[in-house]
Amino acid sequence: MEISPVIEALIKIIVVIFFILLPCVAYLGVQLERKLSAWIQNRVGPNRVGPYGLLQPLADIPKLFFKEDIVPAAANKFVHSLGPLISLTIAFSTFAVMPFGDTLPIVVNGVVHNISLQIANVNIGVLYVLALSSLAVYGITLSGWSSNNKYSLLGGIRSSAQMISYELSLGLSIIGIVMLSNTLQLNDIVKAQSGYYLFGFLPNWNIFVQPIGFITFFVAMFAETNRLPFDLPEAEPELVAGYHTEYTGMKFGMFMLSEFLAMFAAAGMITTLYLGGWQAPYIEYLNLSPFVVSLVQVGAFFTKFALIVVFFMIVRWSMPRFRYDQLMNIGWKVMIPLSLLNIALTGLFILKPIHTWFN
Amino acid sequence: MNMYEIIFYFFAFITVASASVVVFSRNIIYAAFSLLFTFFGVAGIYVLLNADFLAITQLLIYVGGILVLLLFGVMLTTNTVNIDIKSGSMNVLAAASVVAALAGLLGGVFWTSDWFVSKQMGELPAQTTSKEIGTALITTHVLPFEIASVILLVAIVGAAMMARREGIKSQIPSSK
Numbered sequence: 206m207e208i209s210p211v212i213e214a215l216i217k218i219i220v221v222i223f224f225i226l227l228p229c230v231a232y233l234g235v236q237l238e239r240k241l242s243a244w245i246q247n248r249v250g251p252n253r254v255g256p257y258g259l260l261q262p263l264a265d266i267p268k269l270f271f272k273e274d275i276v277p278a279a280a281n282k283f284v285h286s287l288g289p290l291i292s293l294t295i296a297f298s299t300f301a302v303m304p305f306g307d308t309l310p311i312v313v314n315g316v317v318h319n320i321s322l323q324i325a326n327v328n329i330g331v332l333y334v335l336a337l338s339s340l341a342v343y344g345i346t347l348s349g350w351s352s353n354n355k356y357s358l359l360g361g362i363r364s365s366a367q368m369i370s371y372e373l374s375l376g377l378s379i380i381g382i383v384m385l386s387n388t389l390q391l392n393d394i395v396k397a398q399s400g401y402y403l404f405g406f407l408p409n410w411n412i413f414v415q416p417i418g419f420i421t422f423f424v425a426m427f428a429e430t431n432r433l434p435f436d437l438p439e440a441e442p443e444l445v446a447g448y449h450t451e452y453t454g455m456k457f458g459m460f461m462l463s464e465f466l467a468m469f470a471a472a473g474m475i476t477t478l479y480l481g482g483w484q485a486p487y488i489e490y491l492n493l494s495p496f497v498v499s500l501v502q503v504g505a506f507f508t509k510f511a512l513i514v515v516f517f518m519i520v521r522w523s524m525p526r527f528r529y530d531q532l533m534n535i536g537w538k539v540m541i542p543l544s545l546l547n548i549a550l551t552g553l554f555i556l557k558p559i560h561t562w563f564n
Numbered sequence: 002m003n004m005y006e007i008i009f010y011f012f013a014f015i016t017v018a019s020a021s022v023v024v025f026s027r028n029i030i031y032a033a034f035s036l037l038f039t040f041f042g043v044a045g046i047y048v049l050l051n052a053d054f055l056a057i058t059q060l061l062i063y064v065g066g067i068l069v070l071l072l073f074g075v076m077l078t079t080n081t082v083n084i085d086i087k088s089g090s091m092n093v094l095a096a097a098s099v100v101a102a103l104a105g106l107l108g109g110v111f112w113t114s115d116w117f118v119s120k121q122m123g124e125l126p127a128q129t130t131s132k133e134i135g136t137a138l139i140t141t142h143v144l145p146f147e148i149a150s151v152i153l154l155v156a157i158v159g160a161a162m163m164a165r166r167e168g169i170k171s172q173i174p175s176s177k
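Protein chains in written order, with our numbering: chain A, 206 to 564; chain B, 2 to 177.
Chain B on its own, in the form it takes in the complex:
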């Protein structure tokens, strides 16, 4: 077991352990919290795979953006309303079938894919991946890239619309 493997199992353990807390914890705040460690663990594994750009983007977007909003929602709702929001189990049958289908799909992808396995993974020289990712995004994958940006634009416009309508309804005097 070399250094590389030890670090890998360390990050893998963090990811899996915190992800199971996310799923099994009944306290929604602890669930949101441990999601933080899950994202960190995944970012660590990206770094080990020499995917520096992906690792930092993971931190920047998931930890720095999405999770902050998530935590916000959770913290504010549990504090203002004096009811502890707990996650319970419902629709067991439907959920089980969806989970089984998803697990089958993921397992199929996992077993049939031709994985790039290298014993020297840890000793590969670190090189910047941002240039290749940028080139690929703007040439071969330009259509999905543009579609994603249109979806985001629609989401922003929709969010702005909803925020404005509420403002008009409650007649908040404008700050000017």
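So here's chain A without its partners, still in its complex pose:
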């Protein structure tokens, strides 16, 4: 049974979009966010539709579809519809290089097929992700500008300035990892995080090897996804709803979807680059069959991923928003020097590993 690579990639894309991303958006995104925010604010949250309110997302999505689509008379109609499309396309594209697991060995007629659990194993996966995050500015800027509304325009401008500033520290933080693992391929970066670090029991994950880089990357990711405390582009008290003020119905839904997807992409990248991706520590002591090991590794990826997503949400509902000058000061005067320091320290430790320091 030989499947052509194009068909294989198509099957993987369909599986990732319909069986991973959309359920994740509906339940891990919409539902969990509403429930968590309710618990944090001592409310009940959605509990009417279905048992424990579990069918709420299924009710929300048709509602968005049936709302009237309003385009402002003074808007640039073509660009106004293009904005949400760009946002959504870019948000989906990041998952093309995300390694959900290593390889899944499937035995067909006695022949072992190793199916890579990644849609495209791109040689320059890290750069691909950075390029996509820099393209994400377009969706927001164009929709903000084309709405012909000053709140939208201000939201769009803020968002671009913020994303351009934090992209720098995002890229600089990753350089430390690239220096350590000598590759730009995401799956190889995950593989480089196998084994154990210090004292022989701490997993060799980049969060322990690169703590400074982890912090700068994490904060920059918050800023890139435009979530609180960095959600100045849609600061409600100042800008109504920022760049998506003039969007209704499913176009607004597309922005919401792409915002959740951007958060998931951020969580996936943090997991892949810093939390060891699909590496499940101590699994080699259990003597499992390769098939089970592979499934456990996928489970490990999604566990870490879900924990990061929950952390993102808890931060969103417990932190106040930054002021604009604070945001820029943190970006340029704290994050960038810190990530440069991280690069210098990484270089130092590569030249002279820590165990050679005292003899």
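By construction, these hints were calculated from the structure, which means they are not laboratory data.
Treat the hints with care, since some could be wrong.
As the list claims (entries may be wrong) - Quick list of the computed label-pair ranges, beta carbon to beta carbon:
id	chain 1	residue 1	chain 2	residue 2	range
1	B	L94	A	L550	38 to 46 Å
2	A	V254	B	L138	52 to 60 Å
3	A	F516	B	L138	34 to 42 Å
4	A	G504	B	L144	24 to 32 Å
Stated by the list, open to error - Some chain A residues near chain B, calculated using beta-carbon distances under 8 Å:
id	residue
5	I329
6	L332
7	L389
Remember, predicted model here, so these are calculated numbers, not experimental data.
Note that CB positions come from ideal geometry on N, CA and C, so glycine has one too.
The hints should help you fit chain B onto chain A, whose structure is shown.
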């Protein structure tokens, strides 16, 4: 016509068509917009040539950085001042002579170069080019590389200087 050629002509068409919109459109916003598609088309051709690093860098720097700033400038100037900025033709004679000289130079390079042509271009195995580019930049081409970085540094310092001077002149109270 195989798949490879179809994809090539697709990207080539996008590049040429959007580039001509950039040049011929009188509306400066549409010109800036179609530049986006030009950059994308060129990136697509780089991918077809197995130049993965170059393609992504094209997106990262030109589309993600330079064009954003360009669009910003265009959008903000046309919206705040109620005059539509249009591109017109002036200095026709001087422009024509410069264009002719440039076209001659490019054509000369195009015709005299020894191009690497391979029928199997599409079937070459994809391999990472970032390592070779990095090695070349830091060994054989280290001087131009360093000169470019000095130029960029000068530009950054200059931009910071201009921004600061304006801040002092208009006496904006500091945010602290």
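Hints, one by one, checked against the model:
A hinted range of 38 to 46 Å for the beta carbons of L94 (chain B) and L550 (chain A) is inconsistent with their spacing of about 59 Å. Separated by about 58 Å at the C-beta atoms, V254 (chain A) and L138 (chain B) satisfy the suggested range of 52 to 60 Å. About 39 Å separates the C-beta atoms of F516 (chain A) and L138 (chain B), a value consistent with the hinted range of 34 to 42 Å. The hinted window of 24 to 32 Å between G504 (chain A) and L144 (chain B) is violated, with their beta carbons roughly 52 Å apart.
Given hint, I329 (chain A) at the interface with chain B, holds; its Cβ is 5 Å from that chain's nearest Cβ, closer than 8 Å. The closest approach between the C-beta of L332 (chain A) and any C-beta of chain B is roughly 4 Å, which is under the 8 Å cut-off, so the hint is satisfied. Because the smallest distance between the Cβ of L389 (chain A) and any Cβ of chain B comes to about 6 Å, under 8 Å, the interface hint for this residue holds.
Going through the hint list in order, the structure does not satisfy hints 1 and 4.
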